[in-house]
Amino acid sequence: MSIQPLLIAAAALFSIGIYGILVRRNAVMVLLSIELILNSVNINFVAFNAMLSDVFLNGQIFSIFIITIAAAEVGIGLAIVLMLFRNRETANINEFDLMKW
Amino acid sequence: MVNQNFINFLAEGQPEYTDGGVLAEFTWLIVVLPFLAAILITFFGKYLPLQGAELALGTVLFIFSYSAALLYQHATKGIANEFFINVGSIGSYDLEFGWVVDGLSIMMYFVVGTVSSLVFIYATNYMQGEIRYTFFFTSLTLFAGSMLVLVSSPTLLQLLIGWELVGVCSYLLIGHYWEKKENSSAAMKAFITNKIADVGLMIGIIVLALSTKTLRISEILYQSTHDYADIKTVAYLGGVLLFIGAMGKSAQFPLHVWLPDAMAGPTPVSALMHAATMVTAGVYLLGRMFPFYQGMASQALDIVLLFGVITLLGAGLVAVVQDDLKKVLAYSTVSQLGYMVTAMGSGAYTAGLFHLWTHAFFKALLFLGAGSVIHAVHTNNMSEMGGLRKEMPRTFSTFIIGTVALAGLPPLAGFFSKDEILASLNHEGHNLYFIISVLGAFITAFYMTRAVLLTFFGDYRGDGHPHESDKMMTIPLIILSGFAIVAGWANIPGVYTGFTKWVTTRKNYIVEYHPESFDLVAMFSGLTSGLLGIGLAYYVYQMSGNATDGDEKIKIKPIWNLLENKYYLDFFYFKFIIDPVKITFAKFVDSFNSNVLDRFVNGVGTTASKAGGIVYTNLDQGGIDKVLNLSSTGTDTIGSKVKLIQTGKTQQYLMYFLIGVIVISLIILLVL
Amino acid sequence: MEAIDIFSYFLLLLLLLSGVKVVTTSNVIHAAIFLVFTLATTAVLFILLSAEFVALVLILVYIGAVIVLFLFGVMITRAPLGPNAELDNDQNKLLAAVISFSIFGIFTYILLQTFDSTVVISEGTSTKLLGEILLSRFVFPFELVSFVLLGALIGGITLARKDNALMDEDQI
Amino acid sequence: MESGLGLTVVVFLPLVSAIFIFLIPKKQEMIIKLVTLGSALLTFAVSLIVALQFDFNNAGDLQLGTKVSWISSINSNYEIGIDGISLPLLLLSTFISVLAIIYSFEHLPEPKNAKGMMSLILILETGMNGTFVALDLILFFVFFELVLLPMYFMIGIWGDKTVRSVSGLKNDIETRLYASIKFFVFTLFGSAFMLLGFLGLYFRGNRTFSIPELIELGSSGAFTGTFATLVFAVLFLGFAVKVPMWPLHTWLPDAHTAAPTVGSVLLAAILLKLGSYGFVRIALPILPEQAVAWAPAIAVLSAIGIIYGSLACLAQTDLKRLIAFSSVGHMGFVMLGISSLTSIGINAAMIGMVAHGIITGLLFFVSGSMAHTYHTRDMERLGGNMKLLPKTGAILAFTAMASLGLPGLAGFWGEFMALLGAYNPLPGLNITIFRSSMVAGAIGTVLTAGYLLWMLQRVNLGEPKEEWLDKELHDADNYELVAWIPLVILTVLIGVFPKLIFGATNDAVIALVSKAFGG
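Protein chains in written order, with numbering that gives the first Met the number 0: chain A, 0 to 100; chain B, 0 to 671; chain C, 0 to 171; chain D, 0 to 518.
Misleading hints may appear alongside valid ones.
Unchecked claim - Okay, derived cross-link-like pairs now, DSBU-like style, lysine-lysine, Cα gap no bigger than 30 Å in a straight line:
#, chain 1, residue 1, chain 2, residue 2
1, B, 45, D, 514
2, B, 179, D, 464
3, C, 20, C, 92
4, B, 179, D, 386
5, D, 470, B, 180
6, B, 212, D, 514
7, D, 464, B, 586
8, D, 386, B, 76
9, D, 160, B, 586
10, D, 464, B, 581
11, B, 45, D, 160
What the hints assert, rightly or not - Sample of chain A residues with no beta-carbon within 12 Å of chain B, all distances over it, derived:
#, residue
12, 1
13, 4
14, 17
15, 21
16, 29
17, 47
18, 61
19, 65
20, 67
21, 78
22, 84
23, 85
24, 89
25, 92
26, 93
27, 95
Everything labelled a hint here was simulated from the structure, so no lab data went into it.
Here a beta-carbon is modelled for each residue, glycine too, at the ideal position from N, C-alpha and C.
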């Protein structure tokens with residue numbers, strides 16, 4: 000198995016994630032898309048690890064860290080969405096324009 | 000405690016005087032007690048069965064008995080002593096309070112004690128059920144106490160304090176029914192008029208104190224009878240200034256205007272104020288300072304005499320046209336005070352004080368009698384009275400005694416005292432003043448008879464049911480009528496001259512005329528004028544027609560109007576003094592304050608901020624900052640357009656970001 | 000082309016299809032399910048790449064925990080459970096597609112330029128070795144991550160707590 | 000030199016407590032109030048102990064003080080001490096502060112921020128006490144200025160919110176805003192000049208800021224000529240604004256009207272005294288020659304102030320504004336006394352200051368409380384107060400009587416003795432000017448009686464107006480009575496027994512006068 004299809008697939012998954020982030024309205028769906036992106040990165044790490052036959056398993060360990068951080072991120076992200084929903088009665092991120100000047 | 004000069008002074012006088020012993024030493028009790036009583040009445044009076052009246056009554060009865068004891072000892076042995084308490088020093092001056100026990104003050108204690116006791120007894124009944132009963136007794140007690148502070152004063156300072164306290168108590172009492180604006184206005188008028196006079200007194204005291212280096216009266220009198228140079232230079236000024244003070248309290252023309260208005264207070268207050276306290280203060284002051292006047296300020300006495308005579312005639316005339324019974328008596332008081340001041344001015348020290356003494360009793364009697372009448376018919380106006388002699392026999396008979404005493408018929412009190420004044424004037428050769436005083440006696444007899452006839456004779460013109468007053472009110476009347484009869488016998492020329500001895504504590508320095516026997520001219524003219532006055536009044540008001548149209552017969556329009564308007568004095572004061580001060584000046588000052596001073600200040604503020612603005616815009620902004628501003632303006636303009644891109648939508652931002660990433664990546668990949 | 004290559008291409012196709020489905024489906028629950036599918040595919044892929052431990056972690060953490068969390072989030076925010084046309088920003092779709100395709104194009108271009116078709120060697124990985132490396136060489140980041148998780152835990156609780164008493168204090 | 004511990008405590012204990020209060024959470028209002036009251040009471044107790052330690056036989060000497068190096072580069076020291084002149088004022092300050100705090104327990108104006116108000120009162124107390132004990136010009140200046148800030152905030156935050164038009168300004172302005180700024184700028188304006196004068200004295204006077212040393216120099220004639228004239232002029236500006244003397248008084252009515260009750264009480268009772276105290280403590284003894292030269296001008300300005308203040312009172316319809324203008328008149332008497340440069344006159348000024356502090360303080364307490372109850376200060380709308388609020392009315396009547404200088408009450412001595420002093424000023428002064436001023440002052444007493452009685456008639460007497468009849472109005476409660484009754488008692492005590500004040504001041508004033516003016 001060569002490395003190219005793996006990397007291209009990861010890139011495709013990344014782009015799909017980007018698309019999801021840009022298109023989705025629901026904040027939860029945006030978070031899902033972010034998970035896709037993170038997953039594509041994981042695939043890359045593990046693929047490179049396999050390709051380089053790394054003795055220290057750097058790629059795998061990093062992907063573990065990423066998974067961990069992603070879990071934390073999801074927790075916080077969902078909590079924020081929950082807060083926003085509680086205050087605004089919606090999870091539609093179009094209506095959160097607090098960053099306007 | 001006794002001042003050395005004072006002892007010397009006494010030694011020159013009557014060496015047989017004693018120091019009065021314990022009795023004199025504890026005289027402070029009668030001065031302090033009323034104030035303690037007033038505090039007690041204020042806080043606990045409401046819980047007592049008589050609502051505090053018993054405390055007040057007890058106090059004045061104590062004062063009466065103490066002063067009677069003093070008077071007895073003085074009449075038998077003679078007392079002259081004074082006591083000082085230092086309450087502070089200021090520079091080299093000692094501020095002292097204290098009490099003086101000598102003939103003059105003992106006489107005043109007794110007058111105050113007697114009249115107050117009777118008035119208080121009367122008032123417990125008269126004021127029954129009236130508003131603020133307890134507070135009334137508080138003020139009344141304070142009033143008596145303040146008067147005692149005044150007359151017991153061995154220093155000018157305490158005199159001034161008593162003087163003003165009397166003023167403020169009169170304010171409280173005159174304004175007793177303060178729900179009505181007229182009453183509180185009358186109280187204010189009394190206070191302010193007195194305050195104006197007090198300015199004279201205050202400056203007079205300052206002048207005397209600074210030239211004699213002391214505030215003790217005895218020391219000042221000593222210096223003024225021993226030709227001290229310092230006091231001599233200011234004597235005339237000081238004498239006139241003190242007299243201005245006396246004019247206020249003793250209601251001399253033209254500062255008498257407060258007194259008739261003061262009838263707004265309850266009748267017992269009028270009785271107390273007009274008989275024993277307050278109005279006698281001025282005469283007392285002249286008496287107390289008499290050695291000074293005689294020794295140094297004899298020119299000032301001429302002014303005193305002049306104003307006294309003007310007052311006695313002017314006020315007497317106004318009394319003729321009054322319809323309000325109390326106002327008749329009020330103007331009569333002013334007129335009688337004129338007599339006393341006239342006596343003082345003519346150098347008749349004893350005569351003046353003697354008239355004060357007798358007047359205190361019969362005027363208290365008359366006022367209380369009038370109060371009894373008013374209590375019965377519920378009006379002050381004589382036009383709504385008449386015929387009361389049947390319904391109120393006791394009041395009527397006592398009122399008659401008072402009237403006769405005031406009119407000056409023997410053997411009642413007024414005869415002796417008035418006669419002595421006339422005799423003194425005759426002796427001193429003030430012929431014009433003598434004639435005016437005799438005329439005054441005639442007028443006095445006339446208006447009093449008019450009042451009696453309008454009130455007690457004829458038919459009842461009101462529509463109530465008058466009845467004789469309670470015993471608590473008539474008994475004081477009867478006692479007072481006793482005094483009105485016998486008080487004059489204290490000083491009968493050639494028979495008994497005890498009174499002269501009572502009040503003459505400094506014999507050698509009061510050079511005055513003491514008639515050894517009756518001055519026949521004076522007695523005859525006084526008696527005749529009195530009888531004539533009574534006769535004429537009786538003719539006008541009773542013999543020829545009924546009482547009501549009596550006024551019409553003697554009405555000479557212009558004079559009557561002048562008198563009814565009280566010589567337009569009030570009008571003059573309001574038009575030319577009070578209104579300008581209260582309205583014109585005050586408004587001017589206020590608008591000056593807000594429109595000139597404040598405007599100036601605000602103008603400075605505004606100008607400063609404007610100047611700052613100019614400096615800022617032209618120099619700072621226009622020069623230095625202009626360059627900087629241009630760049631910032633550019634940023635600002637662009638920013639204001641660019642900011643429209645900011646929508647606050649995260650996804651859009653991300654999109655722009657990614658477009659940027661793509662573009663940059665493409666540039667890197669394709670171009671580089 | 001070996002059988003395993005065909006299998007892995009199939010897997011990759013499955014991965015991409017389910018990924019596309021995640022971002023295009025109009026049903027929230029379906030999106031989450033497709034994400035599970037994507038992750039499961041990834042896990043199989045990891046096993047093929049002989050990264051068993053990572054695969055297991057992925058399954059345990061993501062599929063076991065995170066997705067459940069997502070489903071809770073979906074339900075709590077009361078997102079409509081059925082098909083929902085409102086789920087997408089329609090006016091963004093074209094631009095977003097262009098952008099993601101551009102990114103994909105750029106990536107692909109770069110990858111094809113950079114990597115030849117090097118064959119991935121898949122040796123077995125000792126989980127024991129992984130554990131030793133994690134707790135020796137990477138022990139500091141490992142501990143750090145635990146703190147990050149703790150922070151996330153507390154932060155999540157604080158943010159999502161329903162009772163507002165604590166917050167009122169802070170507002171002042 | 001003694002340790003000066005007592006005085007240091009009196010000065011700084013309030014400040015320390017204020018800092019301590021900052022640490023207490025805002026919600027613990029009761030604790031804040033109790034701590035404030037406790038600290039003020041403690042300060043008062045310590046000041047009483049200081050008074051007990053004070054040697055009244057040598058009241059002319061500065062006692063119980065200390066001198067510690069402070070800013071050595073400019074030779075400024077922490078030098079404190081009291082003599083018979085400052086002792087009564089110090090006691091007055093600590094005492095009134097206690098009463099003000101008691102009053103504030105239940106009567107905080109909007110916005111009720113107990114923490115802020117209480118700490119401001121305490122900081123204010125430090126400033127006031129410090130000014131009365133400071134014997135170093137820089138120290139004096141620091142305390143003198145320290146007073147400004149709390150008062151500024153009190154007026155600006157708790158003040159009257161009504162919007163009114165002010166002549167000279169285009170737009171209507173909130174009363175408290177206008178008043179606080181005016182107060183601040185006015186006093187700062189004066190004290191800026193004053194600092195200039197202090198610096199002048201420093202450079203001419205052997206580089207010392209010590210007041211006793213400067214007094215020694217001054218009485219030996221070190222400061223003469225144009226320099227002295229200029230220095231006196233700027234000191235005059237600084238102190239006269241604070242007194243305030245006509246025509247620098249215009250901040251006073253606005254500040255008083257706008258200030259919350261406690262603020263106006265402290266302002267009237269203590270702050271105004273800082274100016275006249277400055278005259279007695281600094282301007283007269285250090286620059287005696289100039290004092291003689293300026294005395295007639297001061298006398299004339301005082302006389303104008305007396306008449307002007309009284310007349311302005313007659314035109315007021317606002318109760319608090321009337322009392323504020325009456326302050327102008329009363330402080331005129333104080334300044335008239337000082338300007339006579341005799342021991343009588345300055346003694347009169349001292350007792351006048353204390354009496355004015357007590358009486359006008361009480362007047363502001365009562366009027367502030369009434370304004371709070373009726374929600375108006377307009378005398379046209381008030382009336383029948385005696386019936387509606389009998390206790391408050393009685394105290395108002397009593398205080399008005401005291402304020403018009405009724406003998407037997409505290410206010411009398413200041414007025415009468417000031418006139419006494421002005422009749423015979425220091426030999427060499429223009430007699431005519433002083434006697435005319437005295438007559439003007441005497442006429443002023445009549446006007447004073449006039450406006451106060453008129454005020455009583457309009458506010459206290461008569462039947463209550465319709466609008467109040469169905470309203471539920473609260474008469475003075477216990478906190479108010481506790482704050483007021485001591486002042487009533489003091490008024491009577493000082494009135495009957497002025498030795499309470501003269502006993503302390505007389506020797507000190509005689510010493511001052513003989514040192515500065517040779518007799």
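Hint-by-hint comparison with the structure:
1. 45(B) - 514(D): With Cα atoms ~57 Å apart, residue 45(B) and residue 514(D) exceed 30 Å; violated.
2. 179(B) - 464(D): Holds: residue 179(B) and residue 464(D) sit about 13 Å apart, inside 30 Å.
3. 20(C) - 92(C): Roughly 15 Å separates the two Cα atoms, so the pair holds.
4. 179(B) - 386(D): Holds: residue 179(B) and residue 386(D) sit about 13 Å apart, inside 30 Å.
5. 470(D) - 180(B): holds (23 Å)
6. 212(B) - 514(D): Holds, at roughly 22 Å.
7. 464(D) - 586(B): holds (25 Å)
8. 386(D) - 76(B): The given pair, whose Cα atoms are some 53 Å apart, is violated under the 30 Å limit.
9. 160(D) - 586(B): Holds, because 26 Å separates the two Cα atoms, which is no more than 30 Å.
10. 464(D) - 581(B): OK: residue 464(D) and residue 581(B) at ~24 Å, within 30 Å.
11. 45(B) - 160(D): Answer violated: residue 45(B) to residue 160(D) is near 43 Å, above 30 Å.
12. 1: Per Cβ check, residue 1(A) is outside 12 Å of chain B; nearest 23 Å; holds.
13. 4: holds (22 Å)
14. 17: violated (7 Å)
15. 21: Not fine: 6 Å to the nearest Cβ puts residue 21(A) too close to chain B.
16. 29: violated (8 Å)
17. 47: holds (21 Å)
18. 61: For residue 61(A), whose nearest Cβ neighbour in chain B is about 23 Å away, the distance exceeds 12 Å, so it holds.
19. 65: Residue 65(A) is indeed farther than 12 Å from all Cβ atoms of chain B, at 20 Å.
20. 67: Residue 67(A) clear of chain B: closest Cβ-Cβ about 25 Å, beyond 12 Å.
21. 78: Per Cβ check, residue 78(A) is outside 12 Å of chain B; nearest 17 Å; holds.
22. 84: Since the minimum Cβ distance to chain B is about 16 Å, residue 84(A) lies beyond 12 Å and the statement holds.
23. 85: About 19 Å separates residue 85(A) from the closest Cβ of chain B, which puts it past 12 Å; holds.
24. 89: Holds, because the least Cβ-Cβ distance between residue 89(A) and chain B comes to about 14 Å, which exceeds 12 Å.
25. 92: The assertion about residue 92(A) is violated, with a minimum of 6 Å to chain B.
26. 93: violated (6 Å)
27. 95: violated (7 Å)
Hint compliance for this structure: hints 1, 8, 11, 14, 15, 16, 25, 26 and 27 are not met, and every other hint is.
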